[in-house]
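Position chain S against the provided structure of chain W, taking the given hints into account.
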Amino acid sequence: MSEQLESGAPTFLDRFPQEARVVRAALGSSFIALFLGALFGIVQTLHRTDILRVMDSSYYYTVLTAHGVLMVVSFTIFFLVGIYTWGVVRSLDRPLVDIRFTWAWYGMMVAGTLLAVVPILGGFVDTSDLSADVLFTFYAPKQAHPLFYGGLSVFLIGTWMAGVDWFRSYFAWREDNPDERIPLQTFMALITMVMWYIASIGITIAVVGFLLPWSLGLFNDINALLTRTLFWFWGHPVVYFWLMPAYMLWYTVLPTISGGRLFSDPLGRVVFILFLMLSTPVGIHHQYLDPGISEGFKAIAMTNTMFLLLPSLLTAFTVVASMEHGARQRGGTGLFGWLRALPWRDPAFTGMTLAGLMFAAGGFSGMVNAGLNINYLVHNTLWVPGHFHLTVGTAVALTFMAGTYWLWPQLTNRELYSRPIALAQVILWFVGMALMSNAMHVAGLFGMPRRTAEPQYEGFDFTAAFGSIAEFDLQLAIGGTLLTISTLLFVINIALTSGGPKVSGLGKPLSEPLSGPDDSPKILDNLKLWIVIALVLVVLAYTLPLASIIERGGVFGPGVDPVPMVVEPLVIYAETAVGNTAVGQFVGGILP
Amino acid sequence: MNNTTQGGILLGSAVLFVIIWELRSVLGIMVGVDIHPVIYGTATLLFVILVAIGLNLGLIRFGDAAEESS
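Going line by line, the protein sequences match chains W and S. Here the numbering used here is used: position 176 in the first sequence is 208, and no number is missing along the way. Here the numbering used here is used: position 18 in the second sequence is 966, and no number is missing along the way.
Looking at chain S on its own, in the form it has when it is part of the complex:
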């Protein structure tokens, strides 16, 4: 089964963005690491876009290894 859909990529990108963005708050509050919001936000967006492109082109295959081993 390898039916990564555009809807799934859109949703996954949104969830990934939220998780990475909120990690900044965790780093700031728990560890005291203060990363500039523009730099962090830009890096986050770039990362999410690259992952989305990778999924769309089939370069990243989420879950395949787990499926093959089952």
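This is chain W alone, in the form it adopts within the complex:
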């Protein structure tokens, strides 16, 4: 038995058997979604690269929607609720208040997923009215069957209830521990959920107020720009909803696996507070090419987005410092020689580290996306999926898989079936994603569009600055194939682990931080303060753009009146609007 398996400590399953069952169910659901999402992914990859076509191109959006929804809604969020349930229970060291409530939100999420997936799959049945070929970005004017929106709503309510569950546990703990600092993992889960509640305002209004009644036929016109803006109000913070559980693993598990301790608990709290404050008032950076939004509002969104780099850079510093501490504890020396002392044979460590490495590359391409002017170069090209396959597709997905190798034995009291296969799996993911993402980025720079089954339009060939388009298609397909094989290895390894013999002593306690919570000001734990600031920033960022969109296009549309593309759009806007509307008076009042 290896050193990692000899702690002899009781596992999470030993200590909290009921909660472990819920965590297993949530993670299991996420792995099913990952498996199905990967199958749709490879079909899509081979189709658009024209390597292998098993369907008509008219089904491409059905496949793309299934891939997107299963991966970034079901896989990521089921994993989130599982890992946060583990983190809250473990760090508070007490069971959940009412396990029936816990199973209720899990049931809501499963029911919501099934309700949403049925109309997506209905798109494959020509004789069926069920259809939801609206992609993950399900704003108007594309319209889905009402069941799709209903399913997503039920799923969303389930996630809200999960947050309520963790807050209830926290309040119960607080009664018994009035003077204690909030344990880091619980702090991270609570901050994430506060951000989620704020972000959900946008998507709730979009779905309940517009998309669902529109799909039910209650009204015919819709302001597409308004639903887009409300979607991205939620659509950018959801990126951090995916990322923050990965951050929790990087902050609290990775240092221990490295053989050391977290460098700074207070820095971790600061990072999560920054995410809470900055992740929502930036959504308009997804709409740089929307003509109905003033350039001024887009510039504000760009500025806010650049501030978002700060918590990621803080994390890079903290996590690498923690890893170096661990390596030196394991005997590593020298300026770079300590790197050799890290546990590279451990798939959990290697997977999380490679995920962090890819996240750095994703951060750089994200800066290009966020830049108001250079975004025009890559907007709606294959560059964009290249970017988010590095972030959610690797930083998040690979960290989740690597974290599973560490946690799953503690949830099942069963040893991992094969560590070599697990190590090969995470490396295969890294290489596959590097090839696929590289091809996507480069092809995007050559103008290759995203979201199309036929990127080479008839009679039109893209010109490659080097190599050839066919070469990048092949590279993309090879990368996608490696990713599919990697997914299969992961799912099979976990399935075989679950069928293995039960053993005891697989518990792996987490190490204490070098700089603990007592080194930070107590104000960091003042959730009310950060909630108020986050809400104020959202109001400042969105009130004027939304008022402008509604004024120009109407609540129910359908008008999309482009804003003049001028140097001082706010001045022009004020000149035409002052005296007519409250918005105009306000804008006119603050301008010279």
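Calculated directly from the structure, the hints in this document are not laboratory data. Please note that a few of the clues may not be correct.
[Stated by the list, open to error] Listed next, the in silico SDA-like pairs over lysine to any residue satisfying Cα-Cα at most 25 Å (straight line):
1) Lys540/W x Thr953/S
2) Lys174/W x Pro590/W
3) Lys540/W x Arg47/W
4) Lys540/W x Gly956/S
5) Lys534/W x Pro127/W
6) Lys534/W x Val523/W
7) Lys174/W x Thr484/W
8) Lys540/W x Gly955/S
9) Lys174/W x Ser89/W
All values derive from a computational prediction rather than experimental measurement.
For chain S alone, coordinates are given in the frame of chain W:
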């Protein structure tokens, strides 16, 4: 400390392959150098395999000099 493991060699080879392969994109986009993908890919693989063999046989000792000087 000289415990270069097979797991470490596998991982290092993967990272090395990715870095060298992506250098081709950098050369192509930034400098306009267009290297045939088959030639570049084959050379990359050969180089990575040779480095891996060298590490496995102990012919290449990554980090030793840094350790000795510390």
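Problem - Satisfaction of hint between Thr484/W and Lys174/W, Cα-Cα up to 25 Å - result: 15 Å, holds
Handout entry: Distance restraint between Lys534/W and Pro127/W, which requires alpha-carbon spacing of 25 Å or less
Key = With Cα atoms ~23 Å apart, Lys534/W and Pro127/W stay inside 25 Å; holds.
Handout entry: Restraint check for Lys174/W with Pro590/W, where alpha carbons must lie at most 25 Å apart
Key = With a Cα-Cα distance of about 14 Å, the restraint between Lys174/W and Pro590/W holds, given a limit of 25 Å.
Practice task
Please work out if Lys540/W and Gly956/S have their alpha carbons no farther apart than 25 Å.
Solution key: Distance ~23 Å between Lys540/W and Gly956/S Cα, so the pair holds.
Exercise for the section: For the pair supplied as a hint, Lys174/W and Ser89/W, confirm whether the alpha-carbon distance does not exceed 25 Å. Expected result: Given that 25 Å is the threshold and the Cα spacing comes to 18 Å, the pair holds.
Handout entry: Lys540/W paired with Arg47/W [C-alpha distance capped at 25 Å]
Key = Holds, at about 12 Å.
Handout entry: Proposed proximity, Thr953/S with Lys540/W (alpha carbon, max 25 Å)
Key = 24 Å, holds
Exercise for the section: Mind checking the alpha carbons of Lys534/W and Val523/W for me, to see if they're no more than 25 Å apart? Expected result: 19 Å, holds
Problem - Pair hint outcome, Lys540/W versus Gly955/S [Cα-Cα no greater than 25 Å] - result: 22 Å, holds
Checked against the numbered hints above, the structure breaks none of them.
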